[in-house]
Amino acid sequence: MTERLILILATLVLALIGLLPVAAMLKETLIADGSFSLDAYRALLASDGQFAVLVGHSLQLSFLTAVISTLIGVPLGVLLGKTDLPLRGALTLLFTAPLLVPSYVLAVAWFSILGRTGLLGRVLPDAWSQEISSAFFGLFGCTFVLVTAFMPIAMLLTIAFLRTVNPRLENAGRLVSGWPRILLRITLPLMAPAIVFAAVLTFLLSLGEIGVPMYLRFPVYPVETLTQFAAFYDFRAATVAAAPLLLVTLIILGFQTGLHKRVLELGRRTPNGQVVVVALGPWRLPLFLLVLALAIVVVATPLGALVVQSSSLEIYKVALFRAGDSVLRSLAFAATSATLLAVLGFFLGYLSERRTLPIWWANEWLALLLLALPGSVIGIGLISLWNTKATSFIYASPAILVLGYVAQYAILPMRVVAASLGTIPRSLEQAARLSGAGWFMTLREIVAPLAGRGLIAAWLIGYVFSLRDIAISMVVYPPGSDTLPIRILTLMANGAPSLVAVLCIILIAITLLPLGVAGLWLKVGAKRP
Amino acid sequence: MLKWPVLAAAAFAVIAFAVWRLLPGGQSPTVVVYVSHDQVFSEPILKDFENETGIKVRAVYDTEETKSTGTMNRLIAEKNNPQADVYWANEPIRAEVLRQQGIAAPYISPNAEGIAGSFKDPNGYWTGFAARARVLIVNKNAGAKPDSLLAYADPQWRGKTVIANPLFGTTTTEIAALFVLWGDERAQAFMSALKANGIKLSPSNGDSADLVAAGEFAFSLVDSDDVVSRMRQHQPIDLVYPDQGADGLGCFLVPNAVVLIAQAPHPDVGKKLIDYLLSKETEAKLARSDAAQIPLHSGVDGPPKLLPIDKVKTTQVNYTEIAAKLQAIQPFLKRWVESGS
Chain R
1 MTERLILILA
11 TLVLALIGLL
21 PVAAMLKETL
31 IADGSFSLDA
41 YRALLASDGQ
51 FAVLVGHSLQ
61 LSFLTAVIST
71 LIGVPLGVLL
81 GKTDLPLRGA
91 LTLLFTAPLL
101 VPSYVLAVAW
111 FSILGRTGLL
121 GRVLPDAWSQ
131 EISSAFFGLF
141 GCTFVLVTAF
151 MPIAMLLTIA
161 FLRTVNPRLE
171 NAGRLVSGWP
181 RILLRITLPL
191 MAPAIVFAAV
201 LTFLLSLGEI
211 GVPMYLRFPV
221 YPVETLTQFA
231 AFYDFRAATV
241 AAAPLLLVTL
251 IILGFQTGLH
261 KRVLELGRRT
271 PNGQVVVVAL
281 GPWRLPLFLL
291 VLALAIVVVA
301 TPLGALVVQS
311 SSLEIYKVAL
321 FRAGDSVLRS
331 LAFAATSATL
341 LAVLGFFLGY
351 LSERRTLPIW
361 WANEWLALLL
371 LALPGSVIGI
381 GLISLWNTKA
391 TSFIYASPAI
401 LVLGYVAQYA
411 ILPMRVVAAS
421 LGTIPRSLEQ
431 AARLSGAGWF
441 MTLREIVAPL
451 AGRGLIAAWL
461 IGYVFSLRDI
471 AISMVVYPPG
481 SDTLPIRILT
491 LMANGAPSLV
501 AVLCIILIAI
511 TLLPLGVAGL
521 WLKVGAKRP
Chain S
1 MLKWPVLAAA
11 AFAVIAFAVW
21 RLLPGGQSPT
31 VVVYVSHDQV
41 FSEPILKDFE
51 NETGIKVRAV
61 YDTEETKSTG
71 TMNRLIAEKN
81 NPQADVYWAN
91 EPIRAEVLRQ
101 QGIAAPYISP
111 NAEGIAGSFK
121 DPNGYWTGFA
131 ARARVLIVNK
141 NAGAKPDSLL
151 AYADPQWRGK
161 TVIANPLFGT
171 TTTEIAALFV
181 LWGDERAQAF
191 MSALKANGIK
201 LSPSNGDSAD
211 LVAAGEFAFS
221 LVDSDDVVSR
231 MRQHQPIDLV
241 YPDQGADGLG
251 CFLVPNAVVL
261 IAQAPHPDVG
271 KKLIDYLLSK
281 ETEAKLARSD
291 AAQIPLHSGV
301 DGPPKLLPID
311 KVKTTQVNYT
321 EIAAKLQAIQ
331 PFLKRWVESG
341 S
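Heads up: the sequence lines are chains R and S, in that order. The working numbering puts the first residue of the first sequence at 1, with every later residue one more than the last. The working numbering puts the first residue of the second sequence at 1, with every later residue one more than the last.
Everything labelled a hint here was simulated from the structure, so no lab data went into it. Check before you lean on any hint, since a few could be wrong.
Said to hold, decoys possible - Quick list of in silico lysine-lysine cross-link-like pairs, PhoX-like style, CA-CA up to 25 angstroms:
#1 S:K305 with S:K280
#2 S:K334 with S:K160
#3 R:K27 with S:K79
#4 S:K271 with S:K145
#5 S:K272 with S:K47
#6 R:K27 with R:K389
#7 S:K311 with S:K272
#8 S:K200 with S:K334
#9 S:K313 with S:K285
#10 S:K311 with S:K334
#11 R:K389 with S:K56
#12 S:K285 with R:K317
#13 R:K317 with S:K47
#14 S:K200 with S:K160
#15 S:K271 with S:K47
#16 R:K389 with S:K271
#17 S:K79 with R:K389
#18 R:K317 with S:K56
#19 S:K313 with S:K280
#20 S:K195 with S:K160
#21 S:K79 with S:K145
Looking at chain R on its own, in the form it has when it is part of the complex (with noise of 0.2 angstroms):
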């Protein structure tokens, strides 16, 4: 009893954070001078070609996005969760730097490289530097620039999955075949779901994405919505414009339902948390030298960019005093939504995971249509419930930015506690239960420090994530209480570009910190006998 109604609760929760903004801006799309209309979304049908074209591009965009940044991002993951090659944490942390700036500071450092009178520019004959710089603002630029942020997505998923995978098994096939036969044919299948997933992620963010094609100038479909918002002044069209990525986001979360259901079931048998680690042998270097090159390409290089444009320490200074406050407020409202979204995510992941109500599915639903949203769209929907009289409390109050992220990435921390969830037998709260433990005692007791790596990890996704949002803070941010990104982001318009890197580089400090933090606890955990 005490079980459903608190995975109710939970369910009632999203749906108040999440769902009920999204009803408010949809009510508006329905409802044209008082009665029941029609009209905004015939205006959409009814415009003319230019709307495929933009649909096609961010298709397009967003395949390619997800297709490369999941066929570099798994064999990374694999080759940094699960080989012995050198620095493995310390890679893993540099890959995961770009994740956690927003892409279209990425773009912009990208430009100070690639750009005709960019870093590389300056150095090549000027008839390559202009052929880099005319294919950098287009659809291969804004590829290339998503492929950096996005695909440590798929790099730390395939880490985290690894360990759901039986080592029994691997072991088994060790008998029969090498290391490179079994990753195909054993390990990377019982991964399927989480690298589907992977690619499903980074799909629905890059279509979701405008900063980046705005600024290398790739006409995509959310310009549409921010056009309606910017240029029209009008709500409706723009929530409207939005319908079109929700429809795309359904199907694809229909088609990814068949799969996960399959394999998922294979990927629960699996009760150990070992991960069997391959020994690279003489491919160890080589290896090694390949990674390490990517990561001079793809991460050092803009990062470092940054870096040179902040050499300075009086710069330091400076953007302390102009963003201290914003430094600390980002901090406060990640680490609340954080916590907020692990206590969430470990309910509805668990609903998920074992099924116990019959709407199990509705919540995923919800959690990745709201993941799919545009955040200006939350955002408006935010200020429609919420910006009364009687709620003013609230909506004038940085509450507001973590119900917010609270609706935006409740998919992430719950996915990765079903995830968690999965390799931990049934049976071991089956005879918690016998014995006579209730079901409060039995998640403490035995559920909550099985899964305790899985929380952490939620913690850590709804951190990053909060922690970097721009396009839900930018909307609804209390008057005075800026945070980091947005202030980045406000002072990139004719601000000294030294002191945006520095800013960027800072963000990119208080993300580490608590990574750093529990990466340092995992190897203090596992030195433990």
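Please build the complex by placing chain S on the supplied structure of chain R, with the hints as guidance.
What follows is chain S alone, placed relative to chain R:
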């Protein structure tokens, strides 16, 4: 196994939250201002206001990503329960839109007295101050120098020109002004000629200025502050005031505008901030700063790298007419942008 990391996470959250709670502090009077002028230029002015009056300023700033319309859209979305007292717009069209939507309240500041009537609403719904000029940024290696907006349609510059997306910002305003001054037919023909001459679009004026400075394009129509900032970075560019000939349209001016919000939570301190922004001292600060804004009060020194306002032939326009025209031509501009170049 789980206890201490969970405790650590909770402690981290509590401490961080407590630190944040400590920051606002004090019970001093507060004014809430939404700002679409660049933060890097507007924040120091608001800090000075805080220091001089003791009134705490809580600001929401705009970003390039929302094309400086985020705060205005937020004001519209918050119409039923306004949170802001004052809106500092970076151009009068946004202020005019707020007036039309019933979001602006009338207030005639005593400091608005020295500002010409063409730069303010006659009923006090908005008042202009500290303007930018719309000028041409030209790469020093471009060869000849264009001296008119019409150069965009000149085959000599085919494929060598760039302009910020005319759906957003001051570029929209200037094109709307052309529609008002020339009439729809001539203005549409001019826009078609730009497309035929291979004009390229950039996301913003700042990007256009960077692209010209980087030698990607020969020239672009941008705001004067975009050019001045690149001059201070010693980029290889020149500034040209367009259409200064006897028959020329003149250079288009875009002042900032300040608005008191209807049903503002703190209207009295809001009016004090408006008075401060409209003062000669604020105009002088904005002129001296990197914003290089041109004062509208007479007797205030202008930015060092720009000509004084009385030495430049300016376009004579009515901003209310431009606001109305701008909304009328948006569908045309959207089609123009989407038609490809």
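Tested hints:
no., hint, in the structure
1, S:K305 with S:K280, "holds, 19 angstroms"
2, S:K334 with S:K160, "holds, 22 angstroms"
3, R:K27 with S:K79, "holds, 18 angstroms"
4, S:K271 with S:K145, "violated, 45 angstroms"
5, S:K272 with S:K47, "holds, 14 angstroms"
6, R:K27 with R:K389, "holds, 21 angstroms"
7, S:K311 with S:K272, "violated, 33 angstroms"
8, S:K200 with S:K334, "holds, 15 angstroms"
9, S:K313 with S:K285, "holds, 24 angstroms"
10, S:K311 with S:K334, "violated, 36 angstroms"
11, R:K389 with S:K56, "holds, 23 angstroms"
12, S:K285 with R:K317, "holds, 24 angstroms"
13, R:K317 with S:K47, "holds, 18 angstroms"
14, S:K200 with S:K160, "holds, 8 angstroms"
15, S:K271 with S:K47, "holds, 17 angstroms"
16, R:K389 with S:K271, "holds, 23 angstroms"
17, S:K79 with R:K389, "holds, 12 angstroms"
18, R:K317 with S:K56, "holds, 24 angstroms"
19, S:K313 with S:K280, "holds, 23 angstroms"
20, S:K195 with S:K160, "holds, 12 angstroms"
21, S:K79 with S:K145, "violated, 47 angstroms"
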